[in-house]
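Using the sequences and the hints given, assemble the complete structure.
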Amino acid sequence: MVSEHITSSEERPLTRDEASRARERQFWLSLYEQMLTIRLFEEQVNELYMSAKMPGLAHLYSGEEAVAVGVCAALRRDDYITSTHRGHGHCLAKGAAVDRMFAELLGKQPGYCRGKGGSMHIADQESGNLGANAIVGGSAGIATGAALSCKRRGSGQVVVCFFGDGALGQGLLYEAMNMAALWQLPVIYVCENNLYNEYTPNSETTAGDMLARPRAFGIHTEEVDGQDVRAVYAAAVRLVERARRGEGPAYLHCNTYRFYGHHVGDIQRSYYRSREEEEWWKAQRDPLKLLGSWLREQGLAEDSHFAEIERRVRALIEAGVRFALEAPYPDPQEVAQHVYA
Amino acid sequence: MVSEHITSSEERPLTRDEASRARERQFWLSLYEQMLTIRLFEEQVNELYMSAKMPGLAHLYSGEEAVAVGVCAALRRDDYITSTHRGHGHCLAKGAAVDRMFAELLGKQPGYCRGKGGSMHIADQESGNLGANAIVGGSAGIATGAALSCKRRGSGQVVVCFFGDGALGQGLLYEAMNMAALWQLPVIYVCENNLYNEYTPNSETTAGDMLARPRAFGIHTEEVDGQDVRAVYAAAVRLVERARRGEGPAYLHCNTYRFYGHHVGDIQRSYYRSREEEEWWKAQRDPLKLLGSWLREQGLAEDSHFAEIERRVRALIEAGVRFALEAPYPDPQEVAQHVYA
Amino acid sequence: MSMPSASSTASAPQAPAGWREITLGQAIREALAEEMRRDSRVLLLGEDVAEAGTPFKVLSGLVEEFGAERVIDTPISEAGFTGIGVGLAMTGMRPVVDIMFGDFLTLAMDQIVNQAAKVHYMSGGKLKVPLVVRTTLGATRRSAAQHSQSLHAWFSHIPGLKVVLPSTPYDAKGLLKTAIRDDNPVLFFEDKMMYQLRGLVPEGEYTIPFGVADIKREGSDLTIVATSSMVQVALAAATELEQLGISAEVIDPRTTSPLDKQTLIESAKKTSRVIVVDEGYQSYGVTAEIAAVISEGAFYYLDAPVKRLGALDVPVPFSPVLEDLTVPTPAAVVEMAKTLCGRV
Amino acid sequence: MSMPSASSTASAPQAPAGWREITLGQAIREALAEEMRRDSRVLLLGEDVAEAGTPFKVLSGLVEEFGAERVIDTPISEAGFTGIGVGLAMTGMRPVVDIMFGDFLTLAMDQIVNQAAKVHYMSGGKLKVPLVVRTTLGATRRSAAQHSQSLHAWFSHIPGLKVVLPSTPYDAKGLLKTAIRDDNPVLFFEDKMMYQLRGLVPEGEYTIPFGVADIKREGSDLTIVATSSMVQVALAAATELEQLGISAEVIDPRTTSPLDKQTLIESAKKTSRVIVVDEGYQSYGVTAEIAAVISEGAFYYLDAPVKRLGALDVPVPFSPVLEDLTVPTPAAVVEMAKTLCGRV
Ligand SMILES: Cc1ncc(C[n+]2csc(CCOP(=O)(O)OP(=O)(O)O)c2C)c(N)n1
Ligand SMILES: Cc1ncc(C[n+]2csc(CCOP(=O)(O)OP(=O)(O)O)c2C)c(N)n1
Ligand SMILES: [Mg+2]
Ligand SMILES: [Mg+2]
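Protein sequence lines, in the order shown, are assigned to chains A, B, C and D.
The opening position of the first sequence corresponds to residue 1 in our numbering, with each subsequent residue numbered one higher.
The opening position of the second sequence corresponds to residue 1001 in our numbering, with each subsequent residue numbered one higher.
The opening position of the third sequence corresponds to residue 2001 in our numbering, with each subsequent residue numbered one higher.
The opening position of the fourth sequence corresponds to residue 3001 in our numbering, with each subsequent residue numbered one higher.
Watch out, some of these pointers could steer you wrong.
Stated by the list, open to error - The calculated label-pair distances, taken between Cβ atoms and stated as ranges, are:
1) B:ALA1212 to A:ARG245: 22 to 28 angstroms
2) D:ARG3037 to B:PRO1332: 43 to 49 angstroms
3) D:ARG3181 to B:GLU1326: 40 to 46 angstroms
4) B:GLU1276 to A:GLY154: 36 to 42 angstroms
5) D:ARG3181 to B:GLN1333: 26 to 32 angstroms
6) A:GLN184 to B:GLY1154: 47 to 53 angstroms
Unchecked claim - Just a sample of chain D residues kept apart from chain C, beta carbon distances all over 10 angstroms, derived:
7) ARG3038
8) ARG3041
9) GLY3061
10) LYS3126
11) MET3193
12) GLU3205
13) LEU3244
14) SER3272
15) ASP3324
16) ARG3343
I should point out that these hints are in silico values taken from the structure, not numbers from a laboratory.
In this text, a Cβ means the ideal position worked out from N, Cα and C, and glycines have one as well.
If you want it as structure tokens, here you go:
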């Protein structure tokens, strides 16, 4: 979510051109800030794991920030998303707060799910996040059903279903896409193609042409550079507007890369992907660097802007982690609560 | 299965041309005979139902005979098929005997499954039929696994997976096709598109372009007039040879029509399909009539041939039903047998 | 509200004032129609539910009244449309999903068990899934192994799900209305052989709470706990037993989750002898839990071990002569009761 | 063959002659490797089973020895590759399919329950499905509700399936070899927290028959029936109980289907008091069947009701402080045993 109305802090009234440039700067810097928030959030998660302060594992989103941020920037707060095991980025981009997310990851009571969900099940219905899902492809039906609900209720909401390339292996996805196409539902399937299903390259798991799959089900399909947040945003705006106008579902294939291992514990990766490959993506295809360079080139932002943003984000993350570390665990009796509504 | 070697009963040695014509006649007449066997078998099944001699229901294959017969004619006896709830045609075409099939449908002990399977589960491993399946799409994995088995064993066998257009709704099919394509397995997916899923036209259940679906998974795909046994056979031969040569899986989309209701009890059908539509298919697109006319036009066969075939088939069916009606039910103690091997 | 004691198998000459006699199939249809009129968020989804009204014709007429937007024919995609049901339920609708044969639940297990059942808990109580999955159970329809199972034990095992097993038109209607109003995922199992069973329902509106067992017949010598299709079997057995001077109490838990343990245990304490009858496979089935609960709760009152009678532990065979051997019958219950009461 | 009584939790200073100490993970790997060497029809299929050797690293090294033709990485298609396993098994191969987390079995239920389990019966005994599905169970790994379930009760309920729950390296190796040689579909559940558990196995070849419970510890005052992950819990409790002067017998059924009822009942007759411990959800779980079987079979010998201790009937929560409350512990078993033996 990006605030749509901006005000300038400068003194004299802005010219039309200046105003539009300011708006542009502010918009892209806010996306930059969100991506950086995710990046530093994940760094912190990794540290919590390394220092044995976080229970269990987590799947880091670093490297893929442009997808979540670019797509969610095209959404209203009341639009829905469904997310995945690699879901911190979606959750933050849709509008969740850092502190309550950390609290959830630590299993603490003020966490978004009172510590019951953890990293793989974070949900925040207030910002429209129907939940991460630890079953690969498990939310394809849920997202499609939410879209049917939006259509029936005439609410004008749309739904984004995030999933990884691995979910292309799950039959449920095709069942859901078929119905979305039949009933022209306002749902956008966003595939985060980071080339791997856990430790196996998707060339070994995915036959034929990935893009031909949604197309075969009559779904409008586009492909985008998932490291370029501007490209992702532009495509998402197009597809979201389409869906909101009642023109039916779409599929957005985002080519991207995870900078860390499959999860925080996946340190020795050379047997399935090379260090050179990783270095290339980090050096050449980092979504933060790409947006930063462009903003500099355009003269829209300079060092001071980035420094200011980084300062702010670091403070936010730091405060969030502190909040979570200090937060209480849920009361033992909560274990038997919320089994039934 | 069609016998590949033929002998002539005439006196003088045949010329080369005459021999080839005789072979051709015999081949197509044998296919005609198989189709007629299925047709009359199904008529008899319907009568057994109407006269309350058959337990439960059955899904008749009448109208679709050219698919099973055309495809199975391209197979070796040791090739495998998997079949469906509408499976009598597949079973007969692959080489099962009429009498033991009737016995199975009546729940009798000499039935192919000792009466335990019934119409929806007939299997005959001796003719390579791995079984009908009462779960729509349920055999997609089995057929694909059998193909992997053929490949691992280097047996040169191929597998045909029969299913209806309704199975396109089942995610399992796409999971299986993906793996068949990845591993280049000798399996041919044969879709019997008879336009309906039970009582719902498939235009209401199937989005996009059906043929694009297998193609999207990298599967060689062809479409054929499923009422024209010659076309089906020609396509099947091509795809089977391809698969046997190790060139991987294929998908054959057969456009066809069931002449009866969804099952024997589905008498009032006008709410989902018109009598005119049914009449048109029966009058214009009956696979028996189409092959018969062609044989006549080509001068390959005349009335006497057809009369002779019909006499033979009727006798076979009659004897088969009698056998089944007179056959004993399984011993009660069989109920607890065969739970475990 | 308690039902007037009219035979529910034979058609009563005249229903008492304020009551009507209908079939179980009609009861289901009425419950759905009433709830759909009451609450526009209720909608139906499944294969051939609209014009066809399902193969069992239970839904006939609903699409005509409520339109194709609320009675939705789906492709043959049990996992997909159950998942769609979960998504609908999470976002303000109250879907009723139709799984034609209970055997096809196998295809939707992930959506039911890993998604629907857990969303409320995993979200710390923030999201909820008011979803009803209507489906069937029961054998003896000559439909063989993949169309005859009674798989309700699986769902009773999963926290977060509720499981309903109506045995009369009265229960079916009242329980289905409760299921639709419940904020949790509910599995509603209908015996496909019982759609023609007739029984009385009140003229007016009523619901039946979950977790309240119904004493279908009072007795003092023996308790027969029976579910779904087995309630009529137990009642028939009880009638026969009466001839033999054995007074059998027949209790129908109506919901296996929540389970009304107290009523079961109290009856067992009263009669000291218990038989549990259910059409699911016997081993690791519903009879095991109920027997264990009673064996523990009424331990010091029991004169004999709690006996169980589930379906034979075999895939359901097609052949009628075999299939009929797999399902508990009144005769089998009577035999067991006689042994239990020392009458043989 | 019986195992020398060496502690299976602490590393023994020196294994007795003819025996080696290995982990449960190694035991699985050895069983697979030995069977693959013995029988070329055996092959493995699953997600990340080859180079990665599964996330639990249990299969490390197998692809190097047997090649990618026999250790096959699949797409994330549990239904699809389980179905492929069924087809392989029906046509002369002996596949071992890997379902990474037992929770994902939900996706393959139709292939396991409606296909694999029923093919032999439905075909009148002509076709068979020698398929092993290896998978995991167990909580306390901080993996939350969709990665922590113990769903073995579901499969124990289905005729045509066999269900194996090894609790030691010795059992794991011997039972897995038996599973691979069995002509039926076998569900083989490994506790994911137990892969590092050490124990003795013989140097040579051995197998363990199904349906034979193992008395893990003899005792006279109380029987604790425990499965899989709960065997160590029961043994720990038994050690504590010994301090209190209560002699507990610990019995591990090892397979829930077939179930060695006789050994369970005999032990119950001997001790007169029984606790059943299992990590599946308690209600309608494995403890129910075992308790029902014992309550019936040892009815006249029991001094107290059979007590059950399953997992709490809640989706498994993420937070460690909550998760740890859901699984039976030695302390909980001890408490229950004390009450049962009148020590409180
Ligand atoms: C149904 C299911 N099968 C297997 C797993 C184990 N698993 C977790 S993440 C993962 C890989 C997912 O790959 P992809 O969808 O590409 O997402 P990525 O991790 O690359 O973001 C697997 C196999 C799972 N969680 N769910
Ligand atoms: C998984 C599953 N869902 C539903 C059914 C009920 N059913 C039996 S046949 C059928 C329609 C199948 O249509 P199609 O695949 O086109 O085959 P056809 O009957 O037209 O030959 C349905 C829905 C089933 N048997 N299995
Ligand atoms: Mg990926
Ligand atoms: Mg069809």
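Right, here's what the structure says about each hint:
1. B:ALA1212 to A:ARG245: 22 to 28 angstroms: holds, 25 angstroms
2. D:ARG3037 to B:PRO1332: 43 to 49 angstroms: Between ARG3037 of chain D and PRO1332 of chain B, where Cβ atoms are some 45 angstroms apart, the hint holds.
3. D:ARG3181 to B:GLU1326: 40 to 46 angstroms: holds, 42 angstroms
4. B:GLU1276 to A:GLY154: 36 to 42 angstroms: holds, 39 angstroms
5. D:ARG3181 to B:GLN1333: 26 to 32 angstroms: holds, 27 angstroms
6. A:GLN184 to B:GLY1154: 47 to 53 angstroms: holds, 49 angstroms
7. ARG3038: holds, 31 angstroms
8. ARG3041: At about 25 angstroms from chain C, ARG3041 of chain D clears the 10 angstroms cut-off, so the statement holds.
9. GLY3061: With a cut-off of 10 angstroms, GLY3061 of chain D remains clear of chain C, as the shortest Cβ separation is near 32 angstroms.
10. LYS3126: For LYS3126 of chain D, whose nearest Cβ neighbour in chain C is about 14 angstroms away, the distance exceeds 10 angstroms, so it holds.
11. MET3193: holds, 20 angstroms
12. GLU3205: Non-interface label on GLU3205 of chain D holds, nearest chain C Cβ at 32 angstroms vs cutoff 10 angstroms.
13. LEU3244: Since the minimum Cβ distance to chain C is about 23 angstroms, LEU3244 of chain D lies beyond 10 angstroms and the statement holds.
14. SER3272: Non-interface label on SER3272 of chain D holds, nearest chain C Cβ at 12 angstroms vs cutoff 10 angstroms.
15. ASP3324: holds, 16 angstroms
16. ARG3343: holds, 19 angstroms
Hint check: no violations occur; every hint is consistent with the structure.
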